[in-house]
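In order, the protein sequences belong to chains A and B.
With the first letter of the first sequence counted as 1, position 42 gets the number 42 in full-length UniProt numbering; the numbers rise by one all the way through.
With the first letter of the second sequence counted as 1, position 165 gets the number 165 in full-length UniProt numbering; the numbers rise by one all the way through.
Honestly, the hints are just simulated from the structure, not real lab data.
There may be inaccurate statements among the hints.
If several chains are the same, the list does not tell them apart, and a pair holds so long as it fits within one copy or across any two.
Said to hold, decoys possible - Lysine to any residue pairs mimicking SDA-like chemistry, simulated, CA-CA at most 20 Å apart:
{"#": "1", "residue 1": "K129", "residue 2": "Q172"}
{"#": "2", "residue 1": "K177", "residue 2": "P153"}
{"#": "3", "residue 1": "K177", "residue 2": "E132"}
{"#": "4", "residue 1": "K129", "residue 2": "Y171"}
{"#": "5", "residue 1": "K18", "residue 2": "F107"}
{"#": "6", "residue 1": "K27", "residue 2": "P118"}
{"#": "7", "residue 1": "K129", "residue 2": "S169"}
There are 2 protein chains.
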Amino acid sequence: MARTAGSHGPKTMEAIRKAALTLIYRKGYEAITLRQLADAVGIQPGSLYNHVRNKQDILFDLVHDHMTTLLAEVEQAVPAEAPPLVQLEAFIAFHVGYHITRREQVFIANSELRSLEPGNHAAVVALRKRYEGVLIDVLRRGAADGSLRADDPTIAAYAILSMLTGICSWYQPSGRKSADQLVNLHRDLILRGIVVQDPASLAC
Amino acid sequence: MARTAGSHGPKTMEAIRKAALTLIYRKGYEAITLRQLADAVGIQPGSLYNHVRNKQDILFDLVHDHMTTLLAEVEQAVPAEAPPLVQLEAFIAFHVGYHITRREQVFIANSELRSLEPGNHAAVVALRKRYEGVLIDVLRRGAADGSLRADDPTIAAYAILSMLTGICSWYQPSGRKSADQLVNLHRDLILRGIVVQDPASLAC
Chain A
1 MARTAGSHGP KTMEAIRKAA LTLIYRKGYE AITLRQLADA VGIQPGSLYN
51 HVRNKQDILF DLVHDHMTTL LAEVEQAVPA EAPPLVQLEA FIAFHVGYHI
101 TRREQVFIAN SELRSLEPGN HAAVVALRKR YEGVLIDVLR RGAADGSLRA
151 DDPTIAAYAI LSMLTGICSW YQPSGRKSAD QLVNLHRDLI LRGIVVQDPA
201 SLAC
Chain B
1 MARTAGSHGP KTMEAIRKAA LTLIYRKGYE AITLRQLADA VGIQPGSLYN
51 HVRNKQDILF DLVHDHMTTL LAEVEQAVPA EAPPLVQLEA FIAFHVGYHI
101 TRREQVFIAN SELRSLEPGN HAAVVALRKR YEGVLIDVLR RGAADGSLRA
151 DDPTIAAYAI LSMLTGICSW YQPSGRKSAD QLVNLHRDLI LRGIVVQDPA
201 SLAC
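My request is simple: use the sequences and hints to build the entire structure.
Below you can see the structure in the form of structure tokens.
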């Protein structure tokens, strides 16, 4: 994405991103115009082109940035040499912590995949697969060493990701549970399940 | 929503709903026009007003219908007098079965809540709370009789609903798992969790 060389370039670009995030979150990508975006930033529509080429560039920038930051941070958060169970707990804590404060980004990264042009769509889906792959690998290694029960590591990973990302749809920082408490509640549910009695007594 | 008394009324209305579902799913509610909708149905824009008052009515009709059918069916699916664990298993199977073939409805019911006018929004949120309440009640009774481990039944219910509804975002009827297999995989994960070793050995 083109950026101006002037001193206000990065600052304006940041304002554009922030305004685009809010506008797309509220109205959807297809419904917004570059004119509305310029108005929201407080610049002339023509000036917008000093920073971005078109509307598609802005959407791609938002989603791509969300995914690349996510990927860079998960590598830091999940200890490479730890046992699968420890990695799983680290992944859960990381995923919740990263997403819980990024409600708008999460919503757009999910609901506006439809609006990405084919090349951009493929790039984002590839990043997403890499991120899902981190969890799938953990579950696969846990199944292999007998510590985790994952008959289908891919589907179990999707299930865990959906559960954890779902927090974003209702979480309020002012709510009755802290982020740490939510991590613990979800970790326990994922690790131990919800049934109290002996698992052997359940129909399988 | 007004419907024509003529013999083609219900049939046309059904075509309008179907076209609206697809259009909103692809482009988002804000971006579509009644003209595009009429074109998709193959009728004159003016004729649309024989069936619907405005765009908001159509969105509300789609989401409201999805939720009321869901509520009517869950009451049939979850046996009222059964133990909480049996009810939970029935709920899981019902929720997956109902949603898995309604990808577009699920997406719109989640992503276009933002586009409902206040009165419509409140009506849909109330239906949604009633549906969530069915699962919360099951978990609460399971926690009370000691069969289920739900420190926070509301959050556990949200977590389970997010996990199960997430299937819609990737499920393909032609995929490698049948709907029944998916029900079983998710039921096992929710009931028993993913850790193989003795739950008592986990840090809590």
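State the violated hints by number, sorted upward, taking the hints as numbered earlier in the document.
none
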